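So the sequence lines, in the order shown, correspond to chains A and B. Position one of the first sequence corresponds to residue 5 (the working numbering), numbered consecutively onward. Position one of the second sequence corresponds to residue 5 (the working numbering), numbered consecutively onward.
Note that these hints are calculated values from the structure, not bench results. All the given hints hold, so there is nothing to weed out.
If chains are identical, the list can't say which one is meant, so a pair holds when it fits in one copy or spans any two.
With a cut-off of at most 27 angstroms between alpha-carbon atoms, the simulated DSSO-like pairs for lysine-lysine come out as follows:
{"no.": "1", "residue 1": "7", "residue 2": "60"}
{"no.": "2", "residue 1": "36", "residue 2": "15"}
{"no.": "3", "residue 1": "24", "residue 2": "7"}
{"no.": "4", "residue 1": "68", "residue 2": "7"}
{"no.": "5", "residue 1": "36", "residue 2": "7"}
Source: prediction; values computed, not measured.
Number of protein chains: 2
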Amino acid sequence: MAKVKIYVTPKQGVLDPQGKTVEAALHTLGYKNVAGVKIGKYIELELNARPADREKQINEMCKKLLTNPVIEDFTFQVVEA
Amino acid sequence: MAKVKIYVTPKQGVLDPQGKTVEAALHTLGYKNVAGVKIGKYIELELNARPADREKQINEMCKKLLTNPVIEDFTFQVVEA
Numbered sequence: 005m006a007k008v009k010i011y012v013t014p015k016q017g018v019l020d021p022q023g024k025t026v027e028a029a030l031h032t033l034g035y036k037n038v039a040g041v042k043i044g045k046y047i048e049l050e051l052n053a054r055p056a057d058r059e060k061q062i063n064e065m066c067k068k069l070l071t072n073p074v075i076e077d078f079t080f081q082v083v084e085a
Numbered sequence: 005m006a007k008v009k010i011y012v013t014p015k016q017g018v019l020d021p022q023g024k025t026v027e028a029a030l031h032t033l034g035y036k037n038v039a040g041v042k043i044g045k046y047i048e049l050e051l052n053a054r055p056a057d058r059e060k061q062i063n064e065m066c067k068k069l070l071t072n073p074v075i076e077d078f079t080f081q082v083v084e085a
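Next up, chain A with everything else stripped away, as it sits in the complex (with noise of 0.2 angstroms):
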């Protein structure tokens, strides 16, 4: 069993208008040393299947399901449980 950390963001060029607010309320707060804020999802899950076959399912899942590869970039880090 491993532990899968996905971390999607926004594909480069693409609008981030959700950045943008969190970015605007910011600077109201006050916290006006803070630029570039991009906002994506952060997915845990837990993953039976062989080491080698990891990456490929990986990849697969991220395509069909949990992201929009159009307009979303997508990484992932695998931990041994």
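Dock chain B against the given chain A, drawing on the hints supplied.
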């Protein structure tokens, strides 16, 4: 200028309906070897503060705006730019 990566997850014991839904969807797609799906947020931002002040400010921003401390936990990582 430092790059900050913030990981927000639902607290242990808090219902995560989005995670449950995604887990069910993965099972429907045939990925029955997946369990414990949790969905959180991943936030990236650039912070222009002295190294000594960074941690305090990030904690403050997380508690005031970026997370809901009642139902969410967060961890962060500072990457020197």
